[in-house]
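> Chain by chain, the residues:
There are 2 protein chains.
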Amino acid sequence: MARTRVDSAVMAEVVSQLQARFSNRCSTSVSVREQHGNITTWLPNEAPDVVVFPQDEAEVQEIVKIAAANKVPVIAFGTGSSLEGHVNAPYGGISIDLSNMKKIIAVHPEDLDCVVEPGVTRKELNDYLKSYGLFFPIDPGADASLGGMVATRASGTNAVRYGTMKDNVLALDAVMANGEMMRTARRAKKTSAGYDLTRLLVGSEGTLGIATKITLRLSGLPEAISGGVCPFPSVKAAADAVIMTIQSGIPVARIEIMDELQVKAVNTYSKLTLPEQPLLFLEFHGSDTGVAEQAERFGEIAADLGGGPFNWASRPEERSKLWAARHDVYWSCKALRPGAEALATDVCVPISALADCIDETKEDIAKTGLLAPIVGHVGDGNFHVSVMVDRHSPAEVEVVEGFLKRLVERAHKFDGTCTGEHGVGQGKKKYLKAELGEEAVMAMRAIKQALDPDNIMNPGKIFDV
Amino acid sequence: MARTRVDSAVMAEVVSQLQARFSNRCSTSVSVREQHGNITTWLPNEAPDVVVFPQDEAEVQEIVKIAAANKVPVIAFGTGSSLEGHVNAPYGGISIDLSNMKKIIAVHPEDLDCVVEPGVTRKELNDYLKSYGLFFPIDPGADASLGGMVATRASGTNAVRYGTMKDNVLALDAVMANGEMMRTARRAKKTSAGYDLTRLLVGSEGTLGIATKITLRLSGLPEAISGGVCPFPSVKAAADAVIMTIQSGIPVARIEIMDELQVKAVNTYSKLTLPEQPLLFLEFHGSDTGVAEQAERFGEIAADLGGGPFNWASRPEERSKLWAARHDVYWSCKALRPGAEALATDVCVPISALADCIDETKEDIAKTGLLAPIVGHVGDGNFHVSVMVDRHSPAEVEVVEGFLKRLVERAHKFDGTCTGEHGVGQGKKKYLKAELGEEAVMAMRAIKQALDPDNIMNPGKIFDV
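Line by line, the protein sequences give chains P and B. Its first residue numbered 1, the first sequence is counted upward by one per residue in the working numbering. Its first residue numbered 1001, the second sequence is counted upward by one per residue in the working numbering.
None of these hints come from the bench; they were simulated from the model. Mixed in with the good hints, there may be bad ones.
As the list claims (entries may be wrong) - Below are the EDC-like pairs computed for lysine to aspartate or glutamate, each with C-alpha atoms no more than 20 Å apart in a straight line:
| id | chain 1 | residue 1 | chain 2 | residue 2 |
| --- | --- | --- | --- | --- |
| 1 | P | K213 | B | D1415 |
| 2 | B | K1413 | P | E110 |
| 3 | B | K1213 | P | E180 |
| 4 | B | K1413 | B | E1396 |
| 5 | P | K433 | B | E1180 |
| 6 | P | K321 | P | E363 |
| 7 | B | K1065 | P | E438 |
| 8 | P | K413 | P | D464 |
| 9 | B | K1065 | P | D464 |
| 10 | B | K1123 | B | E1317 |
| 11 | B | K1334 | B | E1396 |
| 12 | P | K367 | P | E396 |
| 13 | B | K1065 | B | E1180 |
| 14 | P | K65 | B | E1396 |
| 15 | B | K1433 | P | E180 |
| 16 | B | K1405 | B | D1359 |
| 17 | B | K1213 | P | E439 |
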């Protein structure tokens, strides 16, 4: 169903039902509503009509049933750290804030899995898991909620070794558009029993269902970690080193690129003295001898390609300092141009095309005069451009929009995707048909209509119905 | 649409259209048709009305368009090695035999991926990849076609390290029910662009579309391989060793269990002298020092649990002999009871429940008096029972059916699945609702109806529409 805003009398009636049921866990204040619209990019904030804070699965079902009866949109909300307007409410409706649903329901150390509620954040989960000697490896940077990470198919720095959310979600319990619970799979590590409903929901951005129990695959904390920074004469040399590393089967856990502008920003912001040239940040996980061997082999590859010196260390404090700088990239960019906003976008290409894609992007940035450092999960061919923008300047916004369009077209030219990990949301809907063709978008739309005929689940995201 | 057999006049017209177009690549001979019905288990053979052998994607489209215009079933056929009646034609129709589509369209060594047609088998692909120093790790035992492996979400011995087909398919081009081509993804290693149509098709058993181009993720051939056999006093001790091995982060490439009856069968058939007690077969991939370290650490774990001695070797000829015996399990079982058929079934449970599930299954086997060796991909909690059956004895068939039902109920009791890798086909349709609940089966059905409203794509498999 093509979506419109709900009639205001109907919406008022829904709000009063929700208030009667959830009292002070239901808010219509402007500030709360605006905090639950998009707040992390330049996409305009579109606030929901009402925000409800359920405490358990049954309450999520209740809310969705009220919404379904009245054909009112529901938008699941985790921490609000998504980047493409995923939590906006273009047609109004109910924001379901899951931040009170923080139970870690079960940890099964022998099976290397756990079951959590969607409001648990990745740092909360990892703090909890430490005593088991386990961790959940997906690290998108932000301390996102696991529900949100399911929704956007998040990945991040560890994905080169541990995969993305698609690889680390074993099963989901989700509230579907009719308010009923659906379980996508059992807790076995693999299954061939029917369609892969787990993977269908992972990355569906809340448009098909709202996950209320998430069964995650865990990893053992590595016995040893080593890592370091390696400078290269060019992006091309760095990318070639990454290709060689992966081809050689070195099971690198993290391998991140920064261009010279990003290094400069990081040096200033994090008070470091890294060489201001293309750098790889690396981390190796394994046994003591294993990580030493991995680091040495990488050092040889780097030297062969004119890179280095590669100084690696397994002292936690040195590593923490480096990775803290990596995690502060967003803030370091903002500090490059105080007052401007940092628009974070991402594309992902086959790794063989990465150097060319980054080089062409840097030329484009130079031509436009934008300030836009580059940082990337280079082992996956995924990179981010943080475009500094004054969104009150229409001329500048136009330049940025042109740049973003060309960035996606370039990714497509190299057989890549408009988003490796941020998701489509509202911001990248316009690129989906060019990326996958009409038949794929029609299939997505048909699935959406089959599972959510009234289009109440996060409408207006990924594609238009 | 609930499916019935096509009117015979319509079918005759369709056959004559196909004969006119494909001449000697279109057959209605009884023997060819029966070869294209189920031939690998005790499920009755249900032959298609006609078998067509297309040579390229465009021809597959042509066939599906003729089928769509006449609402005639189409069943994709690879090598016929599936085990649950996937290629049967309960409503008649067209078997599309893809064995002529054997092009390896592209190998991208820098990206560790390749693009192949569906008729390429895994051994053919691996022979071709050798010169690149690459391999495709999924090994279901049979020399299945890659199209068939996509369809059943195949896995096998290497899955504990390399994942299953869901983890190793990057993108698919598929002919959909309307005869149009759909591309599920670009060639980037990861994406967050919309619903995961790749994973929706992987494991859909030809009920949603027919893959005509498959983009696969590859791995580098390991620098070194070591492996061996380790005896244990009980299944429980062996399973505990597996749990410890995986928890310790030892990246074991293969870890397979055989019960004492299976070992006996293998000794007889493959002329080996393995100790007739529960055994683990292991293989390690890595660098020279890496595989040595892995094998030593495993040996210590085994010894702690009363297992051993663990004799490991990196001599290829010794390893080949062992793994040849592992691959000949099916034939070794048949030799246990000449004349009987070996019915291969599989379930998969959380690894912590594996020992209990196998032990209870062995007790059940003992009670029924069946001859049924057990072999399993124990690192994934997945095991196979090869039930020897004389399918001309109704009494014996009844005993076997009771056993299979209890096996699945037992897997469910331990939060496992009715099939870890064989798929649902016809044989396990009856278990799907008990496994996932009504809502999940309804969702699958809704997706099927949305993408194939006339129910022409391999009807009668996974669930009834």
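> Looking back at the hints listed earlier, which ones does the structure fail to meet?
Hint check: 3, 4, 6, 8, 9, 14 fail, others pass.
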